[in-house]
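Here the protein sequences line up with chains A and B, keeping their order. Going by the working numbering, the first residue of the first sequence is number 1, and it counts up by one from there. Going by the working numbering, the first residue of the second sequence is number 1001, and it counts up by one from there.
Keep in mind that the hints are not guaranteed to be accurate.
Straight-line alpha carbon distances no greater than 35 Å define the calculated DSBU-like cross-link-like pairs of lysine-lysine that follow [unchecked claim]:
(1) K1131/B <-> K1091/B
(2) K1143/B <-> K1234/B
(3) K1281/B <-> K23/A
(4) K1042/B <-> K1184/B
(5) K1007/B <-> K1202/B
(6) K1070/B <-> K23/A
(7) K1013/B <-> K1193/B
(8) K1070/B <-> K1091/B
(9) K1314/B <-> K1143/B
(10) K1070/B <-> K1202/B
(11) K1007/B <-> K46/A
(12) K1013/B <-> K46/A
(13) K1131/B <-> K1068/B
(14) K1020/B <-> K46/A
(15) K1007/B <-> K1020/B
(16) K1140/B <-> K46/A
(17) K1070/B <-> K1020/B
(18) K1013/B <-> K1042/B
(19) K46/A <-> K1070/B
(20) K1042/B <-> K1091/B
(21) K1068/B <-> K1091/B
(22) K1131/B <-> K1143/B
(23) K1234/B <-> K46/A
(24) K1140/B <-> K23/A
(25) K1068/B <-> K1143/B
The set of hints was computed from the structure by calculation and includes no laboratory data.
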Amino acid sequence: MAHMGVESERIHFSWVSSAESTKFVRVVNEVTEAVRALGPNRRFVKSHGLDRQSYDEKAA
Amino acid sequence: MIGYIDKIKQISKQILEDCKVDMVIGFRRGTVPMMNEPCVAKTEDDVDQFVWDGHCGINLANYLMGRKEKIGIVAKGCDTRNIVTHIIENKIDRDQLYIIGVPCKGMIDRRQVNNRFEGVREVIDQGDTVKIIGADFEEKLDKTDLLQSNCATCTHPNPVIHDELVGDPVEVPTDIDQWADVRKIEAMSTEDKWGYFDDLLKECIRCYACRNACPLCYCPTCFVDESTPQWVGKSQDPIDVRTFHFLRAFHCAGRCTDCGACERACPVGINMRVFTQKLEKDCYDLYGWEAGLTTDVRPPLDTYRADDPEEFIK
């Protein structure tokens, strides 16, 4: 994913056991913080036939 | 390379006569220049059609899957690596095969020839040089300048398994960086990477020729043809096109031998080897694995080892 040009901060892998509730919370927080810092994803989103600009306007 | 054909014919006739095989798969001259086509010889007379030169780039391992007969096959270095992969994946038994190994000196890139010359009528591979004949011209070029890009950086030109070789093994170059293209992309910024692949794939018409030419793509129903569930959109949307190419490459991870069949088959000339090469490089860096070199070791993606790299899991 990173090789194709998706920001590596959006890509997270983790292994959380069902007994590791605190780790689960930490991972979810880390992922949301990292993605929020990047802002909305503009890549790897289908434009549904619209050009980029009108798609962005519609999405906003 | 020219001398190979007599030996190929001689071996093919012999194994057919001895009933060691039911058929021999080789190449015959195609109907257009630089496009030799697969040829299945079932009698000794059929064998006379066989040719061998720098236009035999099609990967014949593609014709072996699930066959029940005993088959003789003419195979280059990369073809034999795909045959090994087939054996590992239980697509064919080693006992069914009689492999006529051809030490390969590289295949000619027809696109380069067609880009440089107009109206090419015949291209004759003379070993080190290539003679290009058109309606009103005749040119001689060094073969090294016209090789397919995967052949120019090939590190396994000699067959890895064979029952008979048609010539002495060719010298294996040692000073080649086969992943120079991948390194170039790896060094790009995220933005540039995205743009690079957008640009690379903009011509794709999703004809799936790359998939059909690939010996690894033998699933009875390909993920792109599935409708329940539908894994990937069927439209020409750039995101669907990109998803198709990346997923196909992932299905070839640890199996691809960089034979170049996909790139060769592409009607619009997309170099999709940049996808498979990245995965090939990753497999080498992470597991020290090169596909199709031996039938004794299971590939890294279907084995578990306690020391498998896992730095990406947090």
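Under the criterion that the straight-line Cα-Cα distance not exceed 35 Å, is the pair K1068/B, K1143/B satisfied?
Judged against 35 Å, a Cα distance of about 39 Å means the pair is violated.
Going straight from one Cα to the other, do K1013/B and K46/A come out at no more than 35 Å?
56 Å, violated
Does the structure keep K1131/B and K1091/B at a Cα separation of 35 Å or less?
Distance of about 39 Å is beyond 35 Å: violated.
Is it true that the CA of K1143/B sits at most 35 Å from the CA of K1234/B?
40 Å, violated
Given the hint that K1013/B pairs with K1193/B, test it: the Cα-Cα distance must not exceed 35 Å.
52 Å, violated
Check whether the Cα positions of K1013/B and K1042/B lie no farther apart than 35 Å.
Distance of about 10 Å is within 35 Å: holds.
Within a Cα-Cα threshold of 35 Å, do K1070/B and K1091/B meet the stated pairing?
13 Å, holds
Holds or violated: K1140/B and K46/A, Cα atoms, limit 35 Å.
With a Cα-Cα distance of about 49 Å, the restraint between K1140/B and K46/A is violated, given a limit of 35 Å.
Keeping to a limit of 35 Å between CA atoms, is the pair of K46/A and K1070/B held or broken?
Violated, because 48 Å separates the two Cα atoms, which is more than 35 Å.
Can you confirm whether the C-alpha distance between K1070/B and K1020/B stays at or below 35 Å?
Roughly 7 Å between the alpha carbons, so the hint for K1070/B and K1020/B holds.
Taking 35 Å as the top limit, are the C-alpha atoms of K1007/B and K1202/B close enough?
Not satisfied, since the Cα-Cα distance of roughly 44 Å exceeds 35 Å.
For the pair supplied as a hint, K1131/B and K1143/B, confirm whether the alpha-carbon distance does not exceed 35 Å.
Given that 35 Å is the threshold and the Cα spacing comes to 9 Å, the pair holds.
Violated hints, in rising order: 1, 2, 4, 5, 6, 7, 9, 10, 11, 12, 13, 14, 16, 19, 24 and 25; the structure is consistent with all others.
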